[in-house]
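Protein chains in written order, with the working numbering: chain F, 1 to 102; chain C, 1 to 991.
A few of these clues could be false.
[As the list claims (entries may be wrong)] Residues from chain F shown here face chain C by an in silico Cβ test under 10 Å; the list is partial:
#: 1; residue: MET1
#: 2; residue: PRO7
#: 3; residue: LEU11
#: 4; residue: GLY61
#: 5; residue: PHE78
Calculated from the structure, these hints are not laboratory results. Positions of the beta carbon are idealized from the N, C-alpha and C atoms, including for glycine.
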Amino acid sequence: MLLLTCPNCGLTVEETELAPGGEAHLTRFGPASGDAEFEAYLFLRDNAKGVHFERWCHAYGCGKWFLAARDTATLQVFGTYSAQTKEPPAEILESIAKGRAT
Amino acid sequence: MSRRLKTGGRLIDRDRPVEFTFDGKALRGYAGDTLASALLANGQRVMGRSFKYHRPRSVVAAGPEEPNALMEIGTGARFEPNQRATVQPLWEGLSARSQNAWPSLAFDVGRVNDLASRFLPAGFYYKTFMAPRPAWKHVFEPFIRKAAGLGSAPTEADADRYEFKYAFCDTLVVGGGIAGLTAALAAMRAGERVILVESRATLGGRAATDGAEIDGKAAEDWIKNAVEALEKSESVTLVARCEGSGVYDHGYVICTEDLTGFKADKSGPRERVWRIRAGRVIAATGAIERPLSFAGNDIPGVMLASAVRDYLLDYGVSPGERTVIVTNNDDAYRTAKALLEAGLRVPAILDVRPEVNSPIVRDIKDLGVKVHMGRGIARVHGNDAVTGVSVCLQAGDGAVMQEIRCDAVAMSGGWSPVVHLWSHCGGKLLWDAERAMFRPDPARPPTGADGEGFVKTAGAASGALTTAEVLADAAETVGGDAPSTAVVEEAPIRPVWVMPEGAGPKLRAKMWLDYQNDVKVSDVRLAAQEGFESVEHAKRYTTLGMATDQGKLSNINGLAVLADRLDRTIPEVGTTTFRPPYTPTTIGALAGEARGETFQPLRRTPMHDWAETHGAYWEPVGHWRRAYCFPRAGESHADAVSREVKNTREHLGMLDASTLGKLLVRGPDAGRFLDMLYTNMMSTLKPGRCRYGLMCDENGFLIDDGVVARIDEQTWLCHTTTGGADRIHGWMEDWLQCEWWDWKVHVVNLTEQFAQIAVVGPNARRVLEKLGGMDVSAEALPFMAWADGTLGGVDVRLYRISFSGELSYEIAVPASRGAALWSALMEAGADFDVMPYGTEALHIMRAEKGFIMIGDETDGTVVPQDLGLDWAISKKKDDYLGKRGQMRSEFHKPDRWKLVGLETLDGTALEDGAYAIGEGTNANGQTVVQGRVTSTYHSPTLDRGIAMGLVARGPERMGEVIRFTRIGQEPQEARIVSPVFFDPEGEKANV
Numbered sequence: 001m002l003l004l005t006c007p008n009c010g011l012t013v014e015e016t017e018l019a020p021g022g023e024a025h026l027t028r029f030g031p032a033s034g035d036a037e038f039e040a041y042l043f044l045r046d047n048a049k050g051v052h053f054e055r056w057c058h059a060y061g062c063g064k065w066f067l068a069a070r071d072t073a074t075l076q077v078f079g080t081y082s083a084q085t086k087e088p089p090a091e092i093l094e095s096i097a098k099g100r101a102t
Numbered sequence: 001m002s003r004r005l006k007t008g009g010r011l012i013d014r015d016r017p018v019e020f021t022f023d024g025k026a027l028r029g030y031a032g033d034t035l036a037s038a039l040l041a042n043g044q045r046v047m048g049r050s051f052k053y054h055r056p057r058s059v060v061a062a063g064p065e066e067p068n069a070l071m072e073i074g075t076g077a078r079f080e081p082n083q084r085a086t087v088q089p090l091w092e093g094l095s096a097r098s099q100n101a102w103p104s105l106a107f108d109v110g111r112v113n114d115l116a117s118r119f120l121p122a123g124f125y126y127k128t129f130m131a132p133r134p135a136w137k138h139v140f141e142p143f144i145r146k147a148a149g150l151g152s153a154p155t156e157a158d159a160d161r162y163e164f165k166y167a168f169c170d171t172l173v174v175g176g177g178i179a180g181l182t183a184a185l186a187a188m189r190a191g192e193r194v195i196l197v198e199s200r201a202t203l204g205g206r207a208a209t210d211g212a213e214i215d216g217k218a219a220e221d222w223i224k225n226a227v228e229a230l231e232k233s234e235s236v237t238l239v240a241r242c243e244g245s246g247v248y249d250h251g252y253v254i255c256t257e258d259l260t261g262f263k264a265d266k267s268g269p270r271e272r273v274w275r276i277r278a279g280r281v282i283a284a285t286g287a288i289e290r291p292l293s294f295a296g297n298d299i300p301g302v303m304l305a306s307a308v309r310d311y312l313l314d315y316g317v318s319p320g321e322r323t324v325i326v327t328n329n330d331d332a333y334r335t336a337k338a339l340l341e342a343g344l345r346v347p348a349i350l351d352v353r354p355e356v357n358s359p360i361v362r363d364i365k366d367l368g369v370k371v372h373m374g375r376g377i378a379r380v381h382g383n384d385a386v387t388g389v390s391v392c393l394q395a396g397d398g399a400v401m402q403e404i405r406c407d408a409v410a411m412s413g414g415w416s417p418v419v420h421l422w423s424h425c426g427g428k429l430l431w432d433a434e435r436a437m438f439r440p441d442p443a444r445p446p447t448g449a450d451g452e453g454f455v456k457t458a459g460a461a462s463g464a465l466t467t468a469e470v471l472a473d474a475a476e477t478v479g480g481d482a483p484s485t486a487v488v489e490e491a492p493i494r495p496v497w498v499m500p501e502g503a504g505p506k507l508r509a510k511m512w513l514d515y516q517n518d519v520k521v522s523d524v525r526l527a528a529q530e531g532f533e534s535v536e537h538a539k540r541y542t543t544l545g546m547a548t549d550q551g552k553l554s555n556i557n558g559l560a561v562l563a564d565r566l567d568r569t570i571p572e573v574g575t576t577t578f579r580p581p582y583t584p585t586t587i588g589a590l591a592g593e594a595r596g597e598t599f600q601p602l603r604r605t606p607m608h609d610w611a612e613t614h615g616a617y618w619e620p621v622g623h624w625r626r627a628y629c630f631p632r633a634g635e636s637h638a639d640a641v642s643r644e645v646k647n648t649r650e651h652l653g654m655l656d657a658s659t660l661g662k663l664l665v666r667g668p669d670a671g672r673f674l675d676m677l678y679t680n681m682m683s684t685l686k687p688g689r690c691r692y693g694l695m696c697d698e699n700g701f702l703i704d705d706g707v708v709a710r711i712d713e714q715t716w717l718c719h720t721t722t723g724g725a726d727r728i729h730g731w732m733e734d735w736l737q738c739e740w741w742d743w744k745v746h747v748v749n750l751t752e753q754f755a756q757i758a759v760v761g762p763n764a765r766r767v768l769e770k771l772g773g774m775d776v777s778a779e780a781l782p783f784m785a786w787a788d789g790t791l792g793g794v795d796v797r798l799y800r801i802s803f804s805g806e807l808s809y810e811i812a813v814p815a816s817r818g819a820a821l822w823s824a825l826m827e828a829g830a831d832f833d834v835m836p837y838g839t840e841a842l843h844i845m846r847a848e849k850g851f852i853m854i855g856d857e858t859d860g861t862v863v864p865q866d867l868g869l870d871w872a873i874s875k876k877k878d879d880y881l882g883k884r885g886q887m888r889s890e891f892h893k894p895d896r897w898k899l900v901g902l903e904t905l906d907g908t909a910l911e912d913g914a915y916a917i918g919e920g921t922n923a924n925g926q927t928v929v930q931g932r933v934t935s936t937y938h939s940p941t942l943d944r945g946i947a948m949g950l951v952a953r954g955p956e957r958m959g960e961v962i963r964f965t966r967i968g969q970e971p972q973e974a975r976i977v978s979p980v981f982f983d984p985e986g987e988k989a990n991v
């Protein structure tokens, strides 16, 4: 059972307090999009073995969404950050580079 | 014949006899006995029958790895099958029964399988019970079901309670042997919070039994001191009878503590599940001795050498008078020593190693025991008990050199570290050829959130074998000084996987690997020969390691045999996956207090008590209880529902609608937001008005519906379905927080803040007028309008909306006023023939009007267009959730199943979920279907069956008669009609 820190309320919480939301940083494609774009948005996921950016909701806590960078194989957590970002922040990428190197 | 010795037994108390029964026979043991040791003490060696061949079996082990001695313990509501006698403490009055034997343990009919065993090889079921097909159902399956299984299932609900305990620590030590104690002491001295769990009642592990000198003291004394020091420390929690069951992500560990399973007094919780979050886990779980694979190694009397020692020294029980020892390592010589010291005979030691000259071997030889080097067992003689062994050269093909008379055999094939806790979360193993064992690879531990290993092993679990190695490893693991002990020289092990090396098929077919599942060397070789080369495939084909012991004794031997047959090395073949729990865990323990009424929280509306006292028949709706109907004396539920519908249509009905979701959406961008969430336009709704809306997911599928009321310029109140309230609230938050986070909107879930009462029927207005306080006329409050005001002195928000087709109001009041207003309305309504109605009447009235219900007409594959709801989909909006999804070609196919009404020709009701039968059959030979029933009722209003359904091109086929399936009966004919069965012009609501 994972332990993740909610960046919104600052608590480190058990996975049972959280609701998973799948892959992060998806771009929404609406009515103007082509079939391929829409398919990719709705269905195609990296399903990475390794570094994964993912959505979590602190459902049984502050109720806020956040994002996490986690290695799906080793379960190493490189950091959690605001859901209100289009891409992983620099410090998360640094943490990943550092974690991968060791 | 096994028996109790006159002296000895460090764990038993000879002053406290304990009475128990086995298969109805009254027996006596001592406090401190396990069921297995007490049975052996009473001369009861046969303790069960094997799974497949029903061979008589006795204990081979003395711990949780035991595969054979499984029993049914207890009676009635405390009956439990498949309990291991080796870890079941004896208590006064314990009743145990043998299992998998019929008619009796001594004479078992299933034994015929054994005689036919050469016709029942691995994969027998897959190969044999193939054809003819009907035979499977009528002959094979009933036979297999009767023959299979070990214990019987309990017939009563578990009488016991179970509880959880949550705990946190820096270091969790699993295992209270000398390695675990050393690790715990070091962690304690480092100032850490420590929890140490030990599955047995006493701490100390093997060292206490086998003896050693630690820090200049006898092992037992050193252990006593260590335990005292730990108990004294406030930062240490010691828990005995508590097994480390499983290690999970990021240092989460489940341990199960036995609270009453070991004693006659069953009051209080039976087990406690510890849910521990540990900074690090030290698995000091020891090692398990491996059996040797020789012919007849399952005959009662053949035991692990260490188990023989345990029964002798811990319980004062001798497994036999004359014990032959067969080994490939030095450790078994300790058993010889223990037997000799107890005054029992060791006719011979068969050691497969060609030459050994270590101190313990010399000592035993000096005592005059015949030690035969390079020898092994060709076969064991006996049926229900060992009578002797044939000796052969280990390097040969089994040619008999000598016969030795004996009544017990102690075998040792070396030791396998218990790596389960290391492996549960991904710790990797390496093959140590010198020690012939898989042991944890310290370079590849299971990793925690910080990317560092969070499980370490200590002592024998790391692969350490001698006392000195164990202590040094434990100290190094935690970072402390190792207690001092003498280094004893031991000769290396010589791995042996089959005895003798050149054994032919006949011998191989009597060499058991997995005792419980009756898997033999010949079965694993057959699996390899038939192409099941992966260890995971071979396991499933042969069932090796799939029994309740999960292969604790058999896995390594099995995969070594597989490797040999495939001409691969053991590490190339690898192990199967280790999964929690370490030993079987009672389901009740995992459920804890979450059973019966406490399984889920129960949500009650403010009018719940009124409904309860007025005879509500309840149905669960999500976590809520809603009244299904209010049956009167002598009425069936169907009668009550029928009466409620008629009364509401003719006079006045009242429904508790409080469970409907109520989400307040407010902010400068709220209109824009709701335009994205609903398929229709909500931003144009005028304050004071209501609009019915649909919500879809990005696939375009309909996920919820309800009435939206605009409260003011920046505020909307969205009603959701009862089951959808939390889900839709979460859905809104997700989009606001993660996609449109710059939009100024906030959402509050007010569902439980308000009670809501539907007042429905031709007399609805009159009862409200009688209460008085606000203008409820058609002019002041037209259909789909709402207004704030007072009714009977209570502040209310009054919506004029209808889900029944009748003149209808829904009154929202703060939850605390709900019950009072309900009672006032019931009282005022008496003059107007008011009756409460339940959810079933609600459903029928909406179906009579052709209103859809989320979850009936929708199932996650239905778009609003399928339901003829195009009118509720805005054509003006560029975008809404689901719009792109609905543009996909699949939803525009002409033969899509669409909503229609269905009217049976004979007036009966269609079956719920019935399929509309199409023309011919499909490629699989199945009948083609062209639709299905989504809602079906007997309409009390029309006094005939009415239904809604989705039918291919349905709306174009009005008047057509099609056939619907009926289980066990002829198909039923129904005509396609409009889904609006009642008052199609809507005159009744428009008054």
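Each hint, compared with the structure:
Because the beta carbon of MET1 (chain F) sits about 4 Å from the nearest beta carbon in chain C, less than 10 Å, this interface hint is met. The criterion of a C-beta within 10 Å of any C-beta in chain C is not met by PRO7 (chain F), whose closest approach is roughly 12 Å, and the hint is violated. Checking LEU11 (chain F) against chain C: minimum C-beta separation of about 14 Å lies over 10 Å; hint violated. Because the smallest distance between the Cβ of GLY61 (chain F) and any Cβ of chain C comes to about 13 Å, over 10 Å, the interface hint for this residue is violated.
The interface hint given for PHE78 (chain F) holds, since its Cβ lies 8 Å from the closest Cβ of chain C, which is under the 10 Å cut-off.
In this structure, the earlier hints numbered 2, 3, 4 are contradicted, and the remaining ones agree with it.
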